[in-house]
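In order, the protein sequences belong to chains F and L. Residues 39 to 409 in our numbering are what the first sequence spells out, letter by letter. Residues 39 to 409 in our numbering are what the second sequence spells out, letter by letter.
Hints are not guaranteed to be accurate.
What the hints assert, rightly or not - Simulated crosslink set (DMTMM-like; lysine to aspartate or glutamate; CA at most 20 Å straight-line): (1) L/K140 with F/D318; (2) F/K338 with L/D130; (3) F/K144 with L/D340; (4) F/K61 with L/D318; (5) L/K61 with F/D301; (6) F/K144 with L/D301; (7) L/K140 with F/D301; (8) F/K144 with L/D130; (9) L/K140 with F/E347; (10) L/K144 with F/D135; (11) L/K87 with L/D301; (12) L/K117 with F/E307; (13) L/K338 with F/D340; (14) L/K117 with F/D135; (15) F/K61 with L/D340; (16) F/K140 with L/D135; (17) F/K117 with L/D330; (18) F/K117 with L/D130; (19) F/K140 with L/E347; (20) F/K117 with L/D303; (21) L/K338 with F/D135; (22) L/K144 with F/D340; (23) L/K117 with F/D303; (24) F/K140 with L/D301; (25) F/K144 with L/D318; (26) L/K61 with F/D330; (27) L/K140 with F/D130; (28) F/K338 with L/D318; (29) F/K140 with L/D351; (30) L/K144 with F/D343; (31) F/K140 with L/D130; (32) L/K117 with F/E168.
As the list claims (entries may be wrong) - Here are some, though not all, of the chain F residues that point toward chain L, as calculated from beta-carbon distances under 8 Å: (33) Y143; (34) L145; (35) A146; (36) F181.
By construction, these hints were calculated from the structure, which means they are not laboratory data. Every residue, glycine too, gets a C-beta built ideally from N, C-alpha and C.
Protein chains: 2
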Amino acid sequence: MDFLIQRDELLRALSRVQGVVEKRSTNPILSAVLLQAHEGGLRVTATDKAMTFIGNFAANVNIPGEVAVDAANVFAVAKVLAADVVSVSLGDNQRVDLRCGKSYYKLAGQAAAEFQPTPAFEASGSLSIEASDLRNIIDQTWFSIAPDDNRYGLNGAHLDTVETPQGRMLRMVGTDGNRLSWAQGPFTGTLSIGRRMLLPRKPLAEVRKMIDGLSGPVGIDFGERAVVIRFEGVTVHMRLLEAEFPNYKEVLPTNFKRRVVVDRDVFMEGLRRVSIFATDGSHSVRFAFTTDGLVLTARKLDAGDAREEVAIDFSGDPITMGFNARFIQDVLAALKSTRVTLELGDTLSPCILKPMDEDNALFVVMPVRLD
Amino acid sequence: MDFLIQRDELLRALSRVQGVVEKRSTNPILSAVLLQAHEGGLRVTATDKAMTFIGNFAANVNIPGEVAVDAANVFAVAKVLAADVVSVSLGDNQRVDLRCGKSYYKLAGQAAAEFQPTPAFEASGSLSIEASDLRNIIDQTWFSIAPDDNRYGLNGAHLDTVETPQGRMLRMVGTDGNRLSWAQGPFTGTLSIGRRMLLPRKPLAEVRKMIDGLSGPVGIDFGERAVVIRFEGVTVHMRLLEAEFPNYKEVLPTNFKRRVVVDRDVFMEGLRRVSIFATDGSHSVRFAFTTDGLVLTARKLDAGDAREEVAIDFSGDPITMGFNARFIQDVLAALKSTRVTLELGDTLSPCILKPMDEDNALFVVMPVRLD
């Protein structure tokens, strides 16, 4: 193996795999990235139990070949190299040599045969979505997905299609039991995911990072218990979680008694100020809605009290409710519109937040009981 | 107590004391800052065992008064307030009320009488030094001071005066036994510090932060077992450490066999590249000096080998030595000149580093034994 590659291209390839490989594994091959130099360039593969990343990068290959090398180690080297051409070659005993300017690094490699084979995959359906639309729907749902494995059935994103006046949309839904988000965007092709199949949380976050700034279409192929996501020379194989996602449409309130319209930035700023004294753990803040405005108050033991006023348009009877401030902040941070509507029922009924003048996202936050 | 203060002035006052107060103390008064509103403005006092900070800030005082309040808490509030005028007043039970725009905070305060009294101080001598010169001598010595208390006699900075062709200079010296730095600058007045007295490391770092960007003179008053540092409405009282500083002039080599001149940035860059594979713990890197140049090599177990070439002017017989890469990097980062000279003896003799064409700083680094 012997190839030349621009430092920035090498850095791009290796930065992509850092979030994929297993850190601090007892088996070194699980922390390794597979480098395969072929006539067309450099192929880079990294994997953990939940996902496999395969990326193709521009390189000038003199001698094709392959080797596995510790991903963190070779990334550390790439980061300090000068912005110049890097020569990468294979020495004795799977040793990987990197040369750039006056720098010369030798890294311990492992035989490519040790590397886990890429899982077999057969597509039963396929769709295409613009990268910007995919970013949009991930950004507006991801934070609501239950973070750990003990919320069986909630620790992944659900996919669905819906008919809208603007055509058929791909909808992503996430929930942790205390909040729920959905967001949707246009697509072409066929959604063909099993009814009890969820996209896992961490690999979804990795894909989100990879498509940052990307324009153009992203392909999603559906197979049995797996999806493959494709964009710009990259293929990501993702194992699906098997779990029954709740019937989320049933839990959405269909009517409301009170309606609030508020400026997103003003609301965020007020929440940020008051929540420095939100209760530890529950992040509980008191929301008093009246036609005069919204008064936010918080009290933290041994710290103090905070009070903030936010101008709102309010219709309905005055009401005081408690919310986890972070849940509302997550929604406001994800929303793209400058005005937000809140639909409220009674003190302990779910609150629906929506971007104003837009129907492609919806957020539900359960209130908390006030002392 | 009732006063108005600009948010930025309040923030400046409170940010100054964050590094001074004790964090997570079982006694809340040790984490508190004392606010004293008087006709001339706001006085802010914070203290720990080693130092006391007193600062005067611009405020429009309606009712003079004083109260102690948790420093971290009130700082958290000041940080989120709008950039506007803040009203600060005292309520019942030492409660501190802060109002700004639509924000209203109530903080639990403590009686000012609970606050530790500022230590008595009587000056036996006094000097004045430009803030930029003081920054210079602290920056070039601080990193060499032994970091913990178990290096008795080395965990503080020594002060001395020296006669030079440019006049009398104030010299600061720091060492941890493996390296030593001194730097000096012009001053007026009298150095009057006890022979066995050292400036403590952490308070010195706090003062360095406080004088960042400051222009104009800094006054240093010497008392018994204490110094007081004064600048722009601020007074810092610092308890001195009692310890015998080593006779550092004796350990400085007076002659050398080899001389190296090297470009600072090129040297730094080469060291940065090779030291990613420096041995854990010792940060050991091999330096091979010849008339052809300097070859840096490092080997980290289970990671790999790094090799780097650095262009140097070299006179003397070739030599290979080991150094803790971080020690050399600290010196290069502190140095202000673009060219550096190294004076070398034998493999295990101390190395002297100096800024080229400048006599106001000197650095000694002990080599490490190579395997």
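Hint by hint, here is what the structure shows:
1. A distance of roughly 24 Å separates the Cα atoms of L/K140 and F/D318; the hinted pair therefore is violated under the 20 Å criterion.
2. Distance hint between F/K338 and L/D130 is fulfilled; the C-alpha atoms sit about 18 Å from each other, no more than 20 Å.
3. A threshold of 20 Å between alpha carbons decides the hint, and for F/K144 with L/D340 the separation of about 11 Å falls inside it, so the pair holds.
4. Using a Cα cut-off of 20 Å, the hinted pair F/K61 and L/D318 holds, with the two alpha carbons roughly 18 Å apart.
5. Simply put, L/K61 and F/D301 have alpha-carbon atoms about 38 Å apart, too far for the 20 Å limit, and the pair is violated.
6. This hinted pair does not check out: F/K144 and L/D301 have alpha carbons roughly 26 Å apart, beyond 20 Å.
7. About 15 Å separates the Cα atoms of L/K140 and F/D301, which keeps this hinted pair within 20 Å; it holds.
8. In summary, the hint linking F/K144 to L/D130 is not supported, as the alpha carbons are separated by about 70 Å, beyond the 20 Å threshold.
9. Distance hint between L/K140 and F/E347 is fulfilled; the C-alpha atoms sit about 6 Å from each other, no more than 20 Å.
10. The straight-line distance between the Cα atoms of L/K144 and F/D135 is roughly 63 Å, outside the 20 Å bound, and the hint therefore fails.
11. Proximity of L/K87 to L/D301 is assessed by CA-CA distance (about 43 Å); at most 20 Å being required, the pair is judged violated.
12. Distance check on the hinted pair: L/K117 and F/E307 sit about 12 Å apart at the alpha-carbon level, within 20 Å; holds.
13. Under the criterion of a C-alpha separation no larger than 20 Å, the hint pairing L/K338 with F/D340 is inconsistent with the structure, at around 49 Å.
14. The hinted pair formed by L/K117 and F/D135 fails the criterion: a straight-line CA distance of about 50 Å is larger than 20 Å.
15. Annotation: proposed proximity of F/K61 to L/D340 holds, straight-line Cα distance about 15 Å (limit 20 Å).
16. About 62 Å separates the Cα atoms of F/K140 and L/D135, which puts this hinted pair outside 20 Å; it is violated.
17. Between F/K117 and L/D330 the alpha-carbon distance is near 27 Å, which puts this suggested pair outside the 20 Å criterion.
18. Taken as a hint, the F/K117 and L/D130 pair is broken in the structure, with Cα atoms around 58 Å apart against an allowance of 20 Å.
19. As the CA atoms of F/K140 and L/E347 are separated by approximately 6 Å, the hinted pair is consistent with the 20 Å bound.
20. Taking the CA atoms of F/K117 and L/D303, the gap is about 17 Å. The hint holds against a cut of 20 Å.
21. Our distance criterion of 20 Å between C-alpha atoms is met by L/K338 and F/D135, whose separation comes to about 15 Å.
22. Pair hint L/K144 plus F/D340 holds up; C-alpha atoms about 11 Å apart against a cutoff of 20 Å.
23. For the hint linking L/K117 to F/D303, the alpha-carbon distance of about 17 Å falls within 20 Å, and the restraint holds.
24. About 15 Å separates the Cα atoms of F/K140 and L/D301, which keeps this hinted pair within 20 Å; it holds.
25. For the proposed pair F/K144 and L/D318, the alpha carbon gap of about 17 Å is at most 20 Å, so the pair holds.
26. For a cut-off of 20 Å, the pair hint linking L/K61 to F/D330 is broken: about 41 Å separates their Cα positions.
27. Straight-line distance between C-alpha atoms of L/K140 and F/D130 comes to about 70 Å, which puts the hinted pair past the 20 Å bound.
28. Only pairs whose Cα atoms come within 20 Å are accepted, and F/K338 paired with L/D318 is rejected, the gap being roughly 44 Å.
29. For the given pair, F/K140 sits about 17 Å from L/D351 by alpha-carbon distance, which is consistent with the 20 Å threshold.
30. At most 20 Å may separate the alpha-carbon atoms for a hinted pair to count; L/K144 and F/D343 meet this at roughly 5 Å.
31. With a C-alpha separation of about 70 Å, the suggested pairing of F/K140 with L/D130 is violated against the 20 Å cut-off.
32. Taken as a hint, the L/K117 and F/E168 pair is broken in the structure, with Cα atoms around 40 Å apart against an allowance of 20 Å.
33. Interface restraint check: F/Y143 against chain L, minimum CB-CB distance 5 Å, threshold 8 Å, status holds.
34. For F/L145, the interface hint holds, since its Cβ comes within 8 Å of a Cβ in chain L; the closest pair sits about 4 Å apart.
35. This hint holds: F/A146 has a C-beta 6 Å from the nearest C-beta of chain L, less than the 8 Å allowed.
36. A hinted interface residue such as F/F181 counts as satisfied when its beta carbon comes closer than 8 Å to some beta carbon of chain L; here the least separation is about 22 Å, so the hint is violated.
Checked against the numbered hints given earlier, this structure breaks hints 1, 5, 6, 8, 10, 11, 13, 14, 16, 17, 18, 26, 27, 28, 31, 32, 36; the rest are met.
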